[in-house]
Each structure stands twice: as C-alpha cells, then as structure tokens.
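S.K.: Residues per chain, in single letters:
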Amino acid sequence: MAKRILIIDNGSYECRVGWQNSKEPELRFRNVLTKPRKDRKKEKNGTGDAGGNPPATADASSSALLAEGPAEIQVGNDITNIEAVRAHLKSPFERNVITNWNHQEQIFDYVFTKMGFEGSTSIDHPIVLTEALANPSFCRQQMSELLFECYGVPGVSYGIDALYSWEHYQQQQPKRGRDGLIISFGYSTTHVIPVLDGQLQLEHVRRLNVGGYHIITYLFRLMQMKYPVHLNAITISRMEKLVHEHCHVATDYREELVKWSRMDYYEDHIMKIQLPYNPVTASNALLTAEQKQEKRRELAMRLLEIKNRREREKMQEDEQQLQHFTKLRELYEQQKLQKFERALEQQQIKSLEELDELILTIKGRIQRIKKRPPTVPRSSKQDRMAKPPEGVSQEDWLNELRAKREKLLQRKQTRQQQRQEQAKRHTHAAQERMRIISSLARHEKRRKQPNGEEEDDGFGMNDNDWDVYKRINRYNDDSDSDADTEQLLEYEKILGHYDPNFDEAQPDGQTSQQSAAENYQLHFGVESIRVSEILFQPSMIGCSEAGLAELIDFVLKLFPADKQQRLVQHVYLTGGCAQFRGLKERLAKELLAMRPFQSTFEIYESPEPILSPWLGACLQARDSNFSRIMTTRKMYQEYGSNYFQSHRSSNPYYPTPKE
Amino acid sequence: MEQTAKPKRSFKRPFAFPKNCVYRPLRQISNMEKNQKQSSDTPTYFTLNAPPSLIPAKKYSDISGLPAPYADPHTKLRYANAEEYASMQHMPSDIINGYLTVRGYTSAVG
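Protein chains in written order, with the UniProt record's numbering: chain A, 1 to 659; chain B, 1 to 110.
It cannot be assumed that every hint is accurate.
The calculated label-pair distances, taken between Cβ atoms and stated as ranges, are [as the list claims (entries may be wrong)]: (1) R262/A - N35/B: 27 to 37 angstroms; (2) L592/A - Y105/B: 32 to 42 angstroms; (3) Y105/B - D396/A: 50 to 60 angstroms; (4) V258/A - F46/B: 38 to 48 angstroms; (5) P51/B - P174/A: 29 to 39 angstroms; (6) P56/B - H497/A: 53 to 63 angstroms; (7) Y653/A - P18/B: 21 to 31 angstroms; (8) M32/B - H269/A: 46 to 56 angstroms; (9) Y653/A - N35/B: 18 to 28 angstroms; (10) P657/A - D72/B: 51 to 61 angstroms.
Residues from chain A that face chain B, not an exhaustive set, calculated with beta carbons under 8 angstroms [to be verified]: (11) E94; (12) C150; (13) N209; (14) S544; (15) G547; (16) L551.
No lab work stands behind these hints, which were simulated from the structure alone. Glycine included, every Cβ here is placed at the ideal spot set by N, Cα and C.
Next comes chain A alone, as it looks inside the complex (with noise of 0.2 angstroms):
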C-alpha cells in the first residue's frame, strides 16, 4: 500500500496542513513563532528542576515541551494570547520567501509533533510543500537539506500555491479551457501569472511587494495616528478583524471618497467600533460635584473624629496626673517629708514651687479643653459661590462676568495666533518680531538731543512698556496666560453654577458616563475603502510599484494580441485578499478600461480562495503519476541538493552552472 502524502501550504500568513485524502486540512496555524524572554525562562526552568515537574502553563501542550528541554519556544496556536508576544513574533519568511531556517526548522518540529509523529524514528511519508513562485534555488536546497538530511523524508514535491489553487478550480470546472490569467493575492505579495497551455510563462509574471501584511499594517498606523489616545486598544489583531469583515474595494475610488466628504453621507455609513471600555474605573473622575463634595465631608468627619479621640485620651491621662500631684501635694501638707522629697525625686520635679507650678498648667489644661466645644465639621471653602457685589443685580453682574470671560478668550486666541504666526519665518509677524528685537538691542536708552542735552526715553515708566518683552517671547506661555486661565476658570465656574444655559456647564453624571464611553469609539468610515486601496495604488504606502491594474496591463503586453485574449477570457482570483468584497467589480472596471473596444473578458473567483492551493495539491497527491513528480531522496543523492523534480503546478528547473 502506498503511504499517506502529507500536504503542507506553508503560506507566510498562515500554514496548512493535513493528509492527502483529508477534505480539509487537519492542523492550521499562523506561521509564526515566538520564544519567551530570557529571565522567564529561567525562572520556569529553576522550578522545573526543584520541583520536579513541570510549571503549569497556560497552553497543556507546550508543557510538553518544557518537559524536555530548556528551549521553550511556542509556535502557532500554541501562543494564547497573540498581543502579548507581538513584538517578539518571529517568521522564518522574509516576504514569501523562507530565510531563517532555524525558525522552519521549529515550524516542522511543531508540525510533526501535531501530526503525531512523536516516537516514530523519522517522517517516512512523502510531502508535498508549496514555496514562492520562482524561489531562489538556494531557498529550496536549503529546503532540501533540511527535510531529506534532518526529518528523512522519502521524498518531497515543490509547487507554487497559486497553481495548485489553479487546478483545484479546474478540477471543478472542467470545460474551461488551458489558459488563463491568475491573479494570486498574498500575505505579502501579489502574484500576476499568465498561464497558456496549462504551461507557467514564468518569464513574464510580476509580483507585487503589496499584500495583506501591509493593508493591515496600514490600517493599524492610520488609527493609531488618528486616536492617539487610544494607543493600546488599537491592536493587530484588531486591526485583522476590520480588515477582513468590513473592508472592501472601491469600484470608483475617487466617487467613493467625493461620497465620503458629504457630511450626511458619513453620519449614514460611518461605523463605530466600540473599544473595550470600563466605567469603574474612570469613576472617580467622573463624580458630579454633588458626589465629590460628599466624598469630602466625609473624609473631614473622619478625620474630626480621630482628633477628638485623641483630645480626650490627652485629658484623660492629664487627669491622672493632676490626681497624682495633689496627692503628693497632701503629703507635703501632712509633713511627711523624708516620703515627698523620694516622691518628688522619682518624678524628677527639683522643688515645692516647680510642683505647684505643674499643678497650675495641668489645670488649666484640662479647663481649657472642657470649656471648648465638640469641633463641628466647617463647610468648606468650596462650597461658598461667590455672590454678587451689593446693590448689583445678579443678571447685571452674570451679564459683566460673560463679557470678562469672552474678552479672556479672545486674549487667549490672539496669543495662541501670534505665536503660531511668529513659529513661521517670512511672516509679517515674525519681521514684527525680529524689528523690535533690534530695536531693543540697540542699548540706546538715553539719546541725545541736538543741544548736548540726553534725554531719558521713558521706557519704564509705563507697566504696559514691558509688554514689549512679552510681545517677542517666542514661547508664550507666560505668566500672563496662566492667571488667565486661572481666571477664566473661576468665570467658568460661576457662570456654570448661576446660568442654567451656560454651554460650558459640567454635564450631569449620566450623560458624561455615556460620552466617555463615546470616547472610547473608533470612527471607520473611509478607512474601509482606503487600506485596501493600495493594492491599486502602492504609492499610498510610498511603494513606487505600479497598481495591480496597471501591471495587468504590463502583463498583458507582454503578450501578442491573440494571446492576451486568451488570458482575458479567464481571469482567476485566488488568495485571502480575493475576498474583499468589490474585487471582482474593480477589476472588471479596470480591465474594461484597458482592453480594447468590444473586446470580451471574463473574471472567476476561486469558490475556495483560502483552502483551494492546499485542496489543489491533495488531488495532485492522490494522482496516480505522484511518485513520478515526485523528488525521491535517491534522486537527491544522486543529482545534489538544488536539484527538484518540476511538473505542471512547480517552477521550472533551471540546474545551477558550473563555475
């Protein structure tokens, strides 16, 4: 019986893999790895060692690992929580190519152990892997090396995703014919393939560094840029889901964003993403006032009641010395002396006067206290609201606060404009500024006049001379703009607490409880359309790569005409990125743009566009001619590591030249 094939899609995004008879694949994960920081891992090591067993750790499956050695490294869907090692994740893939091969080589091991082959010698089944279109041959023996030389595997079978995506599509549609375009959307690139013949015209493929990488990447930075504020909340993951549930493809970019600039249009379609937001904790900021004067009164009845206890316990032990000065005071007056000199020694008091003296003050003490009355809480400064000044009334007066407040801020506003003015060089400004400057310098305070006279200038004499000083202070915030906002906030407070229609009044707890969480909303409105946008036009992220349409176009001129037409009558979308909604309409359009008049064109979408490279190299598995395409490790031995056997879904096999 021949062996079970296993299929791996080792995509840079995500890795596939399962049997060749399975109907999907059993085991998929993010193509990603991550090792714990050091200090952890010793730590974790040190109770290992002492206790025996191993730590519990979140995930049961890497305590496996841990058990074995010290290199607890966690690979795909062994890291519970993504966001927390996402500046640790590593790839073995530096775009779609695989270039660490210490990480591929724990991407396998984790592979393998899913797959069961734990206490088996070595993986004695046949493996089918996809690699990068036009893989750099050093990349595939490096390949090679590391499946025949480390895992022993009997043989391997390399082909391009795309392709077997291609002839998975074909196996359901079996009357189409052998041509066609494909339009493969990556991770991290995207791939044009012209396909003629069933045959790769690889010379004439072009890829596009542009993927899904970096629409997520782009959409990240863009939110993290526009809520600053909410830095943390806005995480990859996140950013992952928007993108694959609520982006789509613009059929007219530019109608879609002269839309997006209506205001009504916006309020209709804008989208809020909730973020993750908790009153509890900004509760305390968000007390009425009512509430935080409370919170102080009882704060001061507290702190009231600590110091009467305290008095008391004072006078109390007062008392008890005073009862016991008395006594010895008795003592003195029963003539016993030799009895009040020991007394009086113990207590270190040196005479009769000194004793009395002690009496007094102890007395009045305790007089002093019993004649206070218990302490009351005060109410407190802040609850007094400033109050007209008498014979104003209180409208005239609110009336004059107003204009104060506005004459403040429209203070504020001309400084804030100065200074911007004054920051830009070649403004009349910022020459104003420069003028006086000079003047100021010229150290002329005294001139003097014709008749040999000097004559004082008078600068000083008037305070508002010195605002001069002010005028050219580059960094406005003076002294001055403080005690105006001090100011303005006082106004603000009185006008609040008198004016029930003054707009700047605290709103009441429930509404700020709901705007605060209002804050903690994303708006996605154009972004849906934006971010994916750069698939069309790379010089949004600064790529200087031509758009997906206009290398269509490249492609397709590559080609004579007949043949272009050939290719057009079948356009296949593939890959994760096929999936936005609007594609296929774009692309229509644009290639309705590009072909000539009246000419016809037809675009497919794959039914399967994730799964369909892995389904695609299953039913080449299941094929009776495998073993035929298939690299044994004899032929390895034989022909050397770079060599691989091709066939209609792999890239060709050029053998390396001789020196």
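Guided by the hints, dock chain B onto chain A, whose structure is given.
M.R.: Just chain B now, with coordinates in the frame of chain A:
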C-alpha cells in the same frame, strides 16, 4: 551549544546547517543569484518584481484620505479642507511625522 538547547525529538536526526546558512536576508540571496553565471534571460525571483508605476501618483489627504488639493508647506502634510488644516495645527510633531512616513515621504534635507 545550539544543539543542546533544542528539545530532542525522536523523528529528527542530528543535523545542523553551517552557521552562515542558518539565516540569509533576501538581499544577500539576491546578490548570490546575481553572481551565479546564469544566462541573462532566465527568470529569477528578483526579475519578477513589478515595474515602477508610470501613472502619476494621486494625492490624498494624509489625515482623512480624501482627495487633497492642498499641501501645508510647513508640515508637508496634504489636506482636503479647512477643518483638517485647523486640526493639523494642534497635531504633535510625532503624529505629523508618522503620517509622512506612512506615505513614504522623505524630505530632501533628510
């Protein structure tokens, strides 16, 4: 040292890449391929890069993404309307720079 750190797995054989082969950045691989005496018409990973765009890049507001007819000479940000311009005035410089780097803008001065 590396070997001892790896957990032992029954299905693996003792094997390690030479130290200089464990990690090669793509750029290095590109140089290797260039140095190989391959006939010039053989397509490689690096010849398949998309050509540079010949269509002039459209200008969009850095802040909202709307079509941007204006650019602020001071911050170099593009903007679509007066409101955006007003919001730019209060923007901290790290955000301004963030927007510029996302767009891939690098000033001539550096």
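S.K.: Next step is simple, just say for each hint if it's right about the structure.
M.R.: Evaluation of the provided hints:
no., hint, verdict
1, R262/A - N35/B: 27 to 37 angstroms, "violated (57 angstroms)"
2, L592/A - Y105/B: 32 to 42 angstroms, "holds (33 angstroms)"
3, Y105/B - D396/A: 50 to 60 angstroms, "holds (57 angstroms)"
4, V258/A - F46/B: 38 to 48 angstroms, "holds (40 angstroms)"
5, P51/B - P174/A: 29 to 39 angstroms, "holds (36 angstroms)"
6, P56/B - H497/A: 53 to 63 angstroms, "holds (60 angstroms)"
7, Y653/A - P18/B: 21 to 31 angstroms, "holds (24 angstroms)"
8, M32/B - H269/A: 46 to 56 angstroms, "holds (51 angstroms)"
9, Y653/A - N35/B: 18 to 28 angstroms, "holds (20 angstroms)"
10, P657/A - D72/B: 51 to 61 angstroms, "holds (55 angstroms)"
11, E94, "holds (5 angstroms)"
12, C150, "holds (4 angstroms)"
13, N209, "holds (7 angstroms)"
14, S544, "holds (5 angstroms)"
15, G547, "holds (6 angstroms)"
16, L551, "holds (5 angstroms)"
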